[in-house]
Structure formats: structure tokens, C-alpha cells
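Visitor: The lines below spell out each chain.
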Amino acid sequence: MPAYTLRIRRFDPQSGEAPHWDEHTVEMPETQSVLDAILKVRDEVDGSVGIRCSCQQAICGSCGVRMNGKPGLACNTHLGEAAERGHGVGWNPPEEGQVAPVIAVEPMGNMPVIRDLIVDMDAVHWKKIRRVTPWLVNQQPVPEREYIVPHENMVDVTQTMACIQCGACVSDCLAMEVDPLFVGPAALAKAYRFVGDPRDAQHRERLQDLAEDEHGIYDCTHCFNCIDACPKGVDPMSQIMRLRRRAGSDYEIEDRNNGYRHEHAFVNNIRRNGLLHEADLLPDSYGGKFNPRAVPELIGALPTAMTALRRGKMTPKTALGHPHKAPAEVKRIFEKVEGRSGRVELNLYVTGYEDEPEATGGGQRETATAAEPNAQGRPESVGAGERQPAAESLDADAVASETGTTEGETR
Amino acid sequence: MRVAYWPGCVSRGFTPELHGSMAKVAPLLDIELIELDRAACCGAGVIAEHNQELADTLNARTFALAQRTDGELMMNICSTCQGAQSECQERLDANTEYRERVNQNLADEGLRYEKGLTNKNFLWLLVEEIGLEALRARVKRPLSNLRVGPFYGCYIVRPVDRLGIDSERPRDRYLHWVIEALGGTVIDYAGVYKCCGFPIITMNKQASLAQAGRHLGDALDAQADCLVVPCPLCHLNLDMQQPGAAKVVGRDLGMPVLHLPQLVGLALGLSPKELGMTKHIVKPTSVIDWSTAVVAGTDDTAVGARRVA
Ligand code: SF4
Ligand code: SF4
Ligand code: SF4
Ligand code: SF4
Ligand code: FES
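Taken in sequence, the protein lines are chains A and B.
For the first sequence, the tail end lands on 483 under my numbering, and the numbers increase by one without skipping.
For the second sequence, the tail end lands on 313 under my numbering, and the numbers increase by one without skipping.
Fair warning: there could be bad hints in the mix.
Claimed, not checked - Far from chain A by the CB rule (all over 12 Å, computed), these chain B residues:
1) Leu32
2) Ile35
3) Ala52
4) Thr73
5) Gly135
6) Leu167
7) Gly187
8) Asp225
Stated by the list, open to error - Footprint (simulated), chain A over chain B, 3 or more residues, beta carbon under 8 Å:
9) 9-17
10) 138-149
11) 153-166
12) 252-265
Because the hints were derived from the structure by calculation, they are not lab data.
Glycine included, C-beta positions come from ideal geometry on N, C-alpha and C.
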């Protein structure tokens, strides 16, 4: 039976002592979970190890920890898999001088430690969840009978509904690391749960609120950590991007954080130039060179720009001119795709992969779930031909389009 | 080998030294670059955030242009391009109907993307196609004594599934391996896999620069001589914005940041000037003593790193 070196980070804030690591060797099959190993140590060696757990089957969301640097559920991570995880991202080079592979278990990040592996979810995670009004605000008047919700809309929010509130994404959110006030991945994914639900009456208010909040949807640095952290495939970052798409394109909410302007400036920049002209992007993100909001920012950026000019990083030509024109083809693509009435989106969480993707540069490998029926038990087809937003006739507000998303029509 | 080459926009705009150094390094590694000069920006995730089909179409067009060349594969020199393009490709490859729809958008131009393109960042190509042994054999000036902090950035290491990272292809260790193969010393510091903050520079400058400043400071504390990045956008936040980042974190930084082809070029015998290092905001020459740098150096004449201040 394989052996593992289980390192557990111990800390009791009340004791006044600094955190330290305990080390135990455990012999267990590689298909047992990290939680099994921790509980074994607690039961047989040291009863004082602090760990929170309940269901032991990835449902209750209470056993979030970091294993070899990566956050996840202790109960659904095999020992063998944890031992291979890297301190950085995905792979752990064998440590020298260790007989058995090391599995270092520590509490999740971005939240205060209560004891050992237990963090204070109330202080951070739940507070943020409450911040986004995590319940449905009814349309008035309430219908006499049940609401009829289009299937497509429910499919659309299925992914966010898979969240078990474990906090793994919050643990490693890099925006939160520098800005603790950031609403964060789990709460924003929860926000999309209601923004994507046609029964909710406050889409605009919710979006406006989260766009205007300087720690809201535009504070996410698009770092993908929450995607890799989530044991349930919620893809919080993608939900945040959908919130931005709704706020910026469907509701045209011009927030004071420049999120709307930056997105539009970027897209227009490429439409105009084919390639990105950074020199225009900055002023345009603040509303154009002559917008009063742009002035302080541009003056602030001047020293940098001057040094860049001096070093030959930007030439006056790249700073001011438009040296190359985009091929007309690029413009035509913009016109064609943006000219359509509804947007089309393919959500692989819902559709699955048609068949095993071949290794691309990205080389996705066995992530494929071959042409699996989606969560609703029927194959989803997306992207065929022109298609009207499914929800159109029902509730204009329920989206101009994004239903176009997971859409796929009912057959 | 011949590769269809997508340099990205920033490498020709704000960081021209990246494109320039790649062009100089390629022949030394027997890479022939077929530049995709008609392709458009990959959208860096922002276009996808705005309109997914639009981003997928623009990238499918780039892929189709690449497939028209006789290159063995497509290569990029920007993590952000790699990430944004892998994301689009994942969707295009996963669903025939969707791919057809996108191909319809390209039909006017007579272009068509066929599933299964291989698109690799220069870093991956170095390790997987050229090989570390071959790279080592070409080193003329080992980077002995140079303490290099790898900074991967986000788009090239996450999400691991999409990018094909696992124990067989630990692409999240490649930067470490390349630094070692070039004779340098790898400095591990807290920021190796973190985000430079660039995506929110116009939205939350404070948080953005706090990120950059923190990683630069951590590298400094770990006594790195310089950082190396496979992404020009990381370079913008870590180098160009470094003076601002220093203010936000309230400490002197002065940490040079090299583009990957520059680091490779140095070891292959090119001069800092040829590699455009004079264009950096934090001049590498100000903290690295290049005077001992001679071609075909032995250990004591190798690139020596010395902090002067
Ligand atoms: S992608 Fe955004 S929300 Fe997710 S971890 Fe990164 S910064 Fe946080
Ligand atoms: S989104 Fe995923 S990682 Fe975040 S709390 Fe929900 S289940 Fe956990
Ligand atoms: S990510 Fe950057 S460099 Fe790559 S194509 Fe887009 S704007 Fe250009
Ligand atoms: S570190 Fe910054 S520029 Fe680099 S990939 Fe991440 S977000 Fe992009
Ligand atoms: S114990 Fe319930 S999710 Fe792990």
C-alpha cells in the first residue's frame, strides 16, 4: 500500500503561538481521499487536529482546504491526485529526501483561520454572498399559478446552481488578495444565478449595483484561479464575464469604474484597427482624449509615456498615428456578427464535447465527456443558423440574447 | 522548423523589443517564422466578454490563415494570446455545428478553419519541439550566476485542463526548466503563478498596481536579479508600470523584467542591445553587469549578475 507524508498546518490564533507544520506518515490506497487521511490521523494519532467536514461526498461544501498549494475539497481529492498537485499549478515534482510523496494540507486563503484547517467562512464568504441579494425578487404582480420558465433559461443558470458554497474559489482569488473588499467569485456567480433567471424582477438594479461598485464585476483580474479551484465546475470567472456582457451590452450600464468604456474602447479599437492600438486604448477607456475624466489619468500616465518615448518603446507614430489599417475583412466580420439580432454563445458545461478533442496547442485532453447529454438529459445543439433569442416572446428583459447562449432549442 | 507565427499586437506596439528579439532568436534555433500579418487581434478575452461569436470568428480566421501556410504548427509569443486562442479553439473544436456557423462568417474571404490546429507559445515550443538538450547545446554564454525569477502569468497556466497541463506535460514548470537549461538559477518566490494585474489597470489601478508591486517586491526579497515573462502584457504591468507600482507598495523596486526570447537570446550569444533591452523602463543594464558578458564564455566569463545598488 502506498505511503504518504501528510503535512498538516497547525495554528491556534488564541494560543499566541506561531503556526507550524505537523508531519505524519499514512499508509492508504491512493484512491482514498485526503479527508480520509486527515481523519485517520485525528482518530489514531492526534485528536486535536481541527478540520470541518460532514457529508464526505462533495455535497455539503464544508471541507475546503488547500492541498499542495491548490484549493479544493479534501473529501473528493484522491491521495494519489493530491500528491501530484503542484505547489504552483498542476504538478508536483518529487521532493528530495522524502520517501513518501508529500501532501501538504493547509487552511484556505483570503479568510481568517479559526483553528488549524478551519477558516472563518462567515467573516468573508457568507458576508459576500449576502452582499448580492441571494434570493429571487419576484415580478409583480405574482402570477396566479406557477411561473412558466423557459427551459433554456433554466439550463442557462444550471452551472451557477451547482455551487456548494465551499469557498475554494474565494480562497485563491487573486483580486481579493490585493483587494479584500472585492465581491469575489462565489458571490458573483451567485449574482448571475438571479440575473439569468427570468422570474427575477431586478436584473438592471442588480447589474447596476455590481457594475458601479468599485469592488464589483470590473474588479476581477481574469486570472482563472477560481475556474481551477472549483470542484463543481461552476466557472465563476465565466459567470462574471456574463454579468459584464449583460451589464455592458444588454443594459448599456456606463459604470464609473470604466468597465463599460474599457470594453467598448477595446472592441472599437480592434474594429477600427484590426490590431490593438494601445496608445488609443487608454484615453478611450476613460471616454476619449477630451473627456474630462481622461485628463487626470492621462497626465498621470505622462511620465510613463515620456520614458517610453525616450526609450524608443513607443514612437510618436505608434503613440499618435495609425500606421496600419485593418484588412477590410476584419471590419466585415465585425459588421456581420455584431449586426445579428441575438448573440450566440456556446457553453461547454452545458453542451459537453462532441467527441474527444484532439490535442491542440492548448491540448485539451481527457477532459472531454464525449457527446454527453447535458444536465437536462438531452443533447444540446448550439449555434445552428440564425436563431432568435428563445425568451424573446416571454420577457423582453429576460434577455436580449444571452439565452442565445446555452439556448439550443427544444426539440 | 517552419511555423506560422502570430506575434500579437502588443509585441509590435508597446513592446516592440519582444517581436524584435524573437526575430533575432528564431534563426539561431532553426525556426523559420511565417508571419501571419493579415490576422487580427485575438481579443485578449475582452472581445469574448463582449461577444463570444465575434471573438471565436476572429480567431478562427487566424487559425485558418495559419492552416494555409506550410508551417508545422502555429506559434505565439504572448500568454494572453495563447489563453484567449485556446479558449476559442476549445469551443470551435468541441462542436461541429458551431464551427460551421463560425466558418460561415469566414466564407466571404474564402477561409475555413479545420478542427485540430496545434498552437503553441514559444515556451512550449522550446521544450516540446526543440527540446532542452538541443537548447543547452546551443548555449554560447551560459547565464551562470544570473538569478532569474520565472513569472508565468495567468493565461498560460490556467485552466490546466484547457491548456493540457498534467504530470506528462508539466507546462507550468517549463519556464523553470528553460532558465536552468540556459545555465541560470531559478528563484522561487510567491508571485511565480500569480496575476500581474494588467486586466484591471484601467478599472482599478490601485489594485492592479498593488498586484504588480507585490510580486516584484517578493522577487526582490528572494534576491532575484530579474524576472522573465512569456507575455508582453505582463511586461507592461511589471516593467512599464513599475514606477507606479513602486509608489503603490511604497518601496523601491528596480526589478528588470526580460521577455523570454531576450533571455534565450542572451544565452545564445546576442547582445542586450540587439535584444532591445535598452527599451525597457527598468533598464536591465542598470542592475546587471554585462561587461563580463563575452561570447563563448566559460564559467568565469559567463554573464555575471551583480546588483550595483
Ligand atoms: S478570475 Fe476573477 S474572480 Fe476568479 S479568482 Fe481570478 S480575480 Fe478572482
Ligand atoms: S463556485 Fe465552486 S469553488 Fe466557489 S464556492 Fe461554489 S462550489 Fe465552491
Ligand atoms: S492578447 Fe494582446 S497581443 Fe495578443 S492579440 Fe490580443 S491584444 Fe494582441
Ligand atoms: S499575468 Fe497579467 S498580463 Fe500576464 S497573463 Fe495574467 S493577466 Fe495577463
Ligand atoms: S465533507 Fe462535504 S463536501 Fe467534503
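Visitor: Confirm or reject each hint.
Guide: Structure-based check of each hint:
{"no.": "1", "hint": "Leu32", "verdict": "holds, 23 Å"}
{"no.": "2", "hint": "Ile35", "verdict": "holds, 15 Å"}
{"no.": "3", "hint": "Ala52", "verdict": "violated, 7 Å"}
{"no.": "4", "hint": "Thr73", "verdict": "holds, 15 Å"}
{"no.": "5", "hint": "Gly135", "verdict": "holds, 17 Å"}
{"no.": "6", "hint": "Leu167", "verdict": "violated, 5 Å"}
{"no.": "7", "hint": "Gly187", "verdict": "holds, 20 Å"}
{"no.": "8", "hint": "Asp225", "verdict": "holds, 17 Å"}
{"no.": "9", "hint": "9-17", "verdict": "holds (count 4)"}
{"no.": "10", "hint": "138-149", "verdict": "violated (count 0)"}
{"no.": "11", "hint": "153-166", "verdict": "holds (count 9)"}
{"no.": "12", "hint": "252-265", "verdict": "violated (count 0)"}
The structure does not agree with the numbered hints 3, 6, 10 and 12 stated previously, though it agrees with the rest.
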